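K.L.:
One-letter residues, chain by chain:
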Amino acid sequence: MSQFVGIVIVSHSPDVARGAAAMVRQMVGEEVPCAFTGGNPAGDLGTDPLKIRDAIESVWSEAGVAVFVDLGGAEMNAEMAVEMLDPARGEKVRICNAPVVEGAVIAASEAAGGSTLEQVCATAEELSP
Amino acid sequence: MMADVRDLRRRLIKAPAERVIAHAEELTTLDQAIGDGDHGINMKRGLEAVLADLDKLAEKPLGEALKAAGMHLVTKVGGASGPLYGTLFMSLGKGLADIPDRAQMANAFRAAVDAVKARGKSDFGMKTMLDVLGPVAETLEAGSAELTTALRQRAADAVAATKPLQAIRGRASFLGERSKGHIDPGARSSQLMVEAVCDVIEGRA
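The listed protein sequences correspond, in order, to chains A and B.
The first sequence maps to residues 1 to 129 in this note's numbering.
The second sequence maps to residues 1 to 205 in this note's numbering.
Derived from the structure by calculation, the hints contain no laboratory data.
Since this is a predicted model, take the numbers as computed values, not measurements.
Glycine residues also receive a C-beta, built at the ideal position from the N, C-alpha and C atoms.
Simulated pairs of lysine to aspartate or glutamate, EDC-like, Cα-Cα distance not exceeding 20 angstroms:
hint	chain 1	residue 1	chain 2	residue 2
1	B	Lys14	B	Glu202
2	B	Lys121	A	Glu83
3	B	Lys117	A	Glu75
Incomplete in silico selection of chain A near chain B, CB under 7 angstroms:
hint	residue
4	Asn40
5	Pro41
6	Gly46
7	Asp48
8	Pro49
9	Leu50
10	Gly72
11	Gly73
12	Met76
13	Asn77
14	Met80
Take the sequences, apply the hints, and build the full model.
P.N.:
See the structure below:
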C-alpha cells in the first residue's frame, strides 16, 4: 500500500479520464497511485458508482484518496461510491472541488511530496474560483 | 390477504417503471432540448433492471423493496438521475414499513424529497425534479377527499410550471436564459411516476 495520497479521476468520458491519468503519470510516474474511470454501466458517456468505488479501492492508501470529477452526475455518483465503502475508509476520501485535469495533475504533484489529504485537496482547490 | 399485499407491492413498483419506460423517447427529446439527451435511455436502463428483479422485490416489505429498487437505479442508470432517483427511493424505503396510510406516506415522502435536495445540492424553483416532488409532498401532507385526483392535478400543474423557469442546477443551467421555454425532463419523469402510482391506488394499473 502506498504511503502517498491516492488519486482517482472520474469523467463522463473514458477517453478524458484515461488522458488525464496519462498526464498525471507523466508528472509523477508510478509513485502516486492513480486510477481512472469513465462511462456509464452501458459503456456510453456517463459515470458508474460501482466502477468509481472499485477505482478508489484500487488506489487505496491509509493517507486517503482524492477524487476528481467532471460534471454533476459524476460528483453525485462519486458520493454514492464513497457511501458504498467501509465507513472507516469513506472518511478518508475527499471529492475535490477542482477541474478534473488540472486538479488531478496538481494534486498528484502535491501528493508525491508526501502531503496529507487535506493539503492535496487544498492545493487542487486553489484552482477553483 | 398476504397475496393481495404482495400483488399491490408488485403493481406499485411495476406501474411507475413501465410508465417511464413507455415515455423514454419523450424524456430523451425533452432532455435533448436543454440537457445531454440521455434521461430517457438512462431511466429505461435502470427501470428495466428493477422490472427484471420484480418477483424478488414484491416478496419484500414495501420499504425494503423500495430500497432495493433504488439501489438498482444507482448502479444501472449512470447519469445524474441514477443517484437522484436512487436516493429518492432508498430514502422513501427507509421511512416506510409496509403499505402506508396517507400520513405515513406524507412523512416518508417529505424526508425523501429532502434527501434528493441534499444529494443534488439543489432546491425548489431551480427547474429540476424537485419542482414536481415538492408540490406532491405538499399535496400528500394536506390530504384530500380525492387524493389521487389532487395529486395528478398538482403534478401536472407543477410540470407545466417548470417551462418558463431558468435552470439553476443540472446540465440545463449551462444554457442560462436559453433553458427557459422547455419543460424539465426530470420533472416530467417524476410526474409520470406519480400518475402511475395514482393509477395503482385507483385500481387502474
